[in-house]
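Undergrad: Add chains X and W to chain B, keeping to what the hints say.
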Amino acid sequence: MRPTGAVPILTLGDVVLVSIQVELHDELVLRLQQDLAQQVADTGARGVVIDVSAIDIVDSFLAKVLHDISATAAMLASTAIVVGIRPAVAITLVELGLPLRGVRTAPSVNAAFAMLGVRAASERPHVPPGSPVSPDGRLPSGDRGREDDPRAHDHLPREPRVREMW
Amino acid sequence: MAMTFDQNANDDVADFLLEHEERITEDWLRVGFFAQHGSQDVEQARADCRAVLAAIADAARSGRAHDPAAPGFLQVRALLGDLVAMRTRHGESPSQTALELSRLKQPVLDLWTRHRGNEANHVAHTVLLSTALDTLRLAVVETALSAGADIIAYQQQQLMELSTPVIKLWDNVLAVPLIGTLDSARSQVAMESLLQAIVDHQAAVAILDITGVPTIDTMVAQHLLKTAMAARLMGAECVISGIRPQIAQTMVQLGIELGEVNTRGTLADALAYALRRIGLSVNRAETA
Amino acid sequence: MEARVVTIATELDIVRVRQAVRDVAVRGRFSLVEQTKLVTAASELARNALVHGGGGEVTVQVEPVGTGTRVRLVFVDHGPGIADLDQALTDGFTTGSGLGLGLGGARRLVDEFHIESAPGRGTTVTISSTSGGAVR
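Protein chains in written order, with full-length UniProt numbering: chain B, 1 to 166; chain X, 1 to 288; chain W, 1 to 136.
Because the hints were derived from the structure by calculation, they are not lab data. C-beta: ideal position from N, C-alpha, C; glycine also. Mixed in with the good hints, there may be bad ones.
Said to hold, decoys possible - Only some residues are given here: those of chain X computed to face chain B with a beta carbon under 10 Å:
(1) N172
(2) A203
(3) P214
(4) A230
(5) L233
(6) A236
Isolated chain B (complex conformation) (with noise of 0.2 Å):
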């Protein structure tokens, strides 16, 4: 666990964890994406699980920002996956034209850990849709490595187009 400013990162396994609890401001911002970064290239890490549930807005400064770390995540060959975000914020990001086209998303930090591939050592499993599984319905066993089954995919964003921006 490394500090930036008030917003740990963790690493657990090959996962980076961070879990946002304290209201930011811009600069706390762009340090965690710069932290993440530096992170995720120093460990190699699969994946980059950003928990947001206790976030209760998300503007459009955040929005790039998480925007950013997703596509700087695939660079750095990971996946960041974005999770709990609030139902009011969702619908606030909707109005605003932001639903985060290419942002992957998961309702649980377990479920993000199951599209990723990882057991979460409490819970049973949550199977979030598009994780891969097997057709008895159980996690399949063993590595899933980086090359994740294509099923993972699906459910990326499906965004309709409501306005130009979307």
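TA: Here is chains X and W on its own, set in the frame of chain B:
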């Protein structure tokens, strides 16, 4: 011109009402408003009459017999509020209530004429009494009207909630069957309750079924699309099922595209899809 | 009507503006979604005033309307102003580093939106929202 009465007249009328409280109560229980006590027992109605008389007397004594905001009449509102609200719920209109209340006036004026009819300032007192009883009527009708407005607002809210149930179909699979015409407010409520349910149930797939929706306009279609996008942001997938052929045609003519939102013909198809999505398959049971 | 002024001079002030607006929205009994939309719009406009206007201030006004509450926010900066308002309100237009959704996006989140600007005369953006919008 503000109605003013000299203090003697005010006191006279107030004293008269209190003095003949019992007689007036008995008269009131025979006619009009208090006669229709319905489920209420007579003793309660009698107590109400006495309290109302005391309150009118109080308003008269303070020189505000004409003022529905006088403390006395505010007491009346508080006292009769529940009674009036109950009658409104049972379908009594404010004008019926007003009619019932207007019948309270005559017995009081008759009583006054019998006892004090030959006094010099008889007319002024009669006018004052009449004014006080009219104000009573006004205050109660106002209460009835606001009770009606409260009921309408409450029913609207109830209808809104009733008409957008969120149903759990399976672990991590939710459905909202929408029925009837969707307006902006209703689709907003449906959207918000579905998204909240996604959090509560950790849903992976949410199905919006519009089989029961007769028509869809551009705005409602946009709401459906926004719901699908918001659900995606929360890590769930939204499937829209039950788009009837006529609706699909209308939507195309209106230039509405559902784009890449997942759609299925029927709720059953959507459920089958959702189960596959969470890694389950449905098989015929082996017969023994 | 009750009013309060928050200065916008640093990035930390954007957070302060959000907190001030959240505060009045909660007290004005805005629904959670209404609150989030208003606070997000305020955040966009505060950042706009800071980044493009070189700082400024926001006046937060609260007044009762019918059974609800109206919150009006007036953002004033004394920056270079905007020459082409239509262009500035277009999604995707930006002179800074963001997504260019600041003004246009904020407009979609509130009931009323009004902007006044001219080159050399700074920019004033007024927005307002009223609680109780979901059930009319």
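Undergrad: The structure should be examined with respect to each hint, and the outcome stated for every one.
TA: Results for each hint:
Hint status for N172/X relative to chain B: holds, with the closest Cβ pair at about 7 Å, below 10 Å. Taking 10 Å as the C-beta contact cut-off toward chain B, the hint placing A203/X at the interface holds, the least distance being around 7 Å. Hint status for P214/X: violated, given a least beta-carbon distance of 22 Å to chain B, over 10 Å. Because the beta carbon of A230/X sits about 4 Å from the nearest beta carbon in chain B, less than 10 Å, this interface hint is met.
A least Cβ separation of about 4 Å between L233/X and chain B falls short of the 10 Å threshold, and the interface hint therefore holds. Among the interface hints, the one on A236/X holds; its C-beta lies about 6 Å from the nearest C-beta in chain B, closer than the 10 Å criterion.
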